[in-house]
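2 protein chains.
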Amino acid sequence: MKIPNFADIRAAKARISSFVHTTPLLTNNTINSISGAEIHFKCENFQKVGAFKFRGACNSVFALDDNSAAKGVATHSSGNHAQALALAAKMRGIPATIVMPNNSPQVKKDAVAGYGADIVFCKPTLEARESTLEQVIAEKGHTFIHPYDNFNVICGQGTAALEIFELSSEFEAIIAPVGGGGLLSGTAITAKSQKPGIKVYAAEPEGADDAYRSFKAGKIIPSKNPDTICDGLLTSLGELNFEIISQYVDDIFTANDEEIKAAMRLIWERMKIIVEPSSAVPLAVVLTNKELFAGKKIAIILSGGNVDLGKLEF
Amino acid sequence: MKIPNFADIRAAKARISSFVHTTPLLTNNTINSISGAEIHFKCENFQKVGAFKFRGACNSVFALDDNSAAKGVATHSSGNHAQALALAAKMRGIPATIVMPNNSPQVKKDAVAGYGADIVFCKPTLEARESTLEQVIAEKGHTFIHPYDNFNVICGQGTAALEIFELSSEFEAIIAPVGGGGLLSGTAITAKSQKPGIKVYAAEPEGADDAYRSFKAGKIIPSKNPDTICDGLLTSLGELNFEIISQYVDDIFTANDEEIKAAMRLIWERMKIIVEPSSAVPLAVVLTNKELFAGKKIAIILSGGNVDLGKLEF
Chain A
4 MKIPNFADIR AAKARISSFV HTTPLLTNNT INSISGAEIH FKCENFQKVG AFKFRGACNS
64 VFALDDNSAA KGVATHSSGN HAQALALAAK MRGIPATIVM PNNSPQVKKD AVAGYGADIV
124 FCKPTLEARE STLEQVIAEK GHTFIHPYDN FNVICGQGTA ALEIFELSSE FEAIIAPVGG
184 GGLLSGTAIT AKSQKPGIKV YAAEPEGADD AYRSFKAGKI IPSKNPDTIC DGLLTSLGEL
244 NFEIISQYVD DIFTANDEEI KAAMRLIWER MKIIVEPSSA VPLAVVLTNK ELFAGKKIAI
304 ILSGGNVDLG KLEF
Chain B
4 MKIPNFADIR AAKARISSFV HTTPLLTNNT INSISGAEIH FKCENFQKVG AFKFRGACNS
64 VFALDDNSAA KGVATHSSGN HAQALALAAK MRGIPATIVM PNNSPQVKKD AVAGYGADIV
124 FCKPTLEARE STLEQVIAEK GHTFIHPYDN FNVICGQGTA ALEIFELSSE FEAIIAPVGG
184 GGLLSGTAIT AKSQKPGIKV YAAEPEGADD AYRSFKAGKI IPSKNPDTIC DGLLTSLGEL
244 NFEIISQYVD DIFTANDEEI KAAMRLIWER MKIIVEPSSA VPLAVVLTNK ELFAGKKIAI
304 ILSGGNVDLG KLEF
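If you read the sequences in order, they're chains A and B.
Take 4 as the starting number for the first sequence in the numbering used here and just add one per residue.
Take 4 as the starting number for the second sequence in the numbering used here and just add one per residue.
In isolation and in its complexed conformation, chain A is listed as follows:
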């Protein structure tokens, strides 16, 4: 299993920098007073398609040689990776097929279709997704771009942290949310290569704590019936991701949904920006472990801002 190194992440940055947004790093005085730490938020909610996922998808698509690229790309996803891959393929001018569960929300189907990707529907089970995807690949010769257990995806996700270190190397800790581990593993490689002494922490919802349990057990323990408002963090750790996380991550903390909602509300109210629940887990972890972070300069990656506002009454 080949683990990416920092040169791979630097190469990813060179490859995608004209396609992705360099997102801002924001601070907030009130949140600093409440937490007792100096927190710098990397705003991937402002990234294209509203999430860091676009970095990895973009790097995977543009890393393909011309022959493979011409045959297109495919994935199974109903989330941000689906839109990210569809947009990246559109930018390179190549076909993309997204396998989506037939019960996906209309707004997500529309978004993927809006980027010009083909959608193939399947039953809403992991087995159906995987078998349908295999069929698509066999028929069309597409390259499968896994949402997180993929070398180039991980390198792409690592470019968010790289932008942070390009602004300052004084951070004592960096915290990313963990679902499949794509963002966390890319972040960890970048952070430890840029500053070996930095602490790399993961933040995970209590109701989907497979990464926490896997990390402590030293082997992958798959997620079973996860239950959390963080719809972006339901998946189990990937193999390559677990390998990297075991090697580079210092610790994983969990927070419950009430703590996550309170942190999310704080970000909305005080920073006036919209983040999805998954993005708020790192701040929830800081606020429930204040003694650990007090007085420290910390970077937190806000992973995305895709919330269904249809439910809100204005």
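Worth flagging that the hints you see were computed from the coordinates, not collected in a lab.
Note that this is a predicted model, so its numbers are computed, not measured.
Fair warning: there could be bad hints in the mix.
Copies of one chain are not kept apart here, so a pair can be met inside one copy or by any two copies together.
Result set (SDA-like, lysine to any residue): computed pairs, CA atoms no more than 20 Å apart in a straight line [unchecked claim]:
1. Lys264 x Asp311
2. Lys143 x Glu261
3. Lys293 x Ala265
4. Lys93 x Thr33
5. Lys264 x Gly313
6. Lys112 x Thr33
7. Lys264 x Leu312
8. Lys112 x Leu269
9. Lys112 x Phe124
10. Lys93 x Asn32
Position chain B against the provided structure of chain A, taking the given hints into account.
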């Protein structure tokens, strides 16, 4: 009646620049496609206290000579100006008294008190506000800082537009929401002095269209029983503001609450930022007058981001 000129606004900028945030100017591809225009949003929702009001309050407080300043400042307001003045006074280390209606929401009382200002409650009528304020001023020797009908407040508000022109002078139109007219009049002076050919437009809710009617009639027609979700735009035009607006503003457009809500949702969903309803009126106006703005480079001032999120179910 002395009207501020551009030198006054430049002086305001020099006076307040170490206290206010230089807010970002953001664009969004989707909103540009939908509108057919190239819109640059000046994000005063990211300003201190969450609204442009801090600029004017800050300029008024720091423009006082030491003797007057030592005696403190006062205003009547239950809105963003109350918090803005309280914070500005705190920064200069002088007393502030805010007259607030006794039915003000607890969260607003807490915010003002949190900045260390004294609060004097009164009955929720304009008469009670004014007479209570007079009493406070007579007793304490405070200087009254009117929320918008005030020379230095207008100069402070004009610094938001000045930051826009420091980035680019290529704008063909600039649009600000109008309530009392503080932001609009400062914006108009800056814009016309920086680029005489630019169009300066105001955007106003249909349910509180006193500025529209005053502008067309050539005299102030006070707001009567305004009814709109834009709680920041309920007041009538000030006298100094009307004078400036008559002279420098090209036109005033109105939008109804449904159009404003749709524009606000678009900003939340696509830009991932939180703005209050008042901020969305200019975009609503652009979207309902597409032919006028098609192909043009436009600046819109997002006036603030103070929304009661307590009502939202996460």
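Ascending list of hint numbers which this structure does not respect: Number 2 only.
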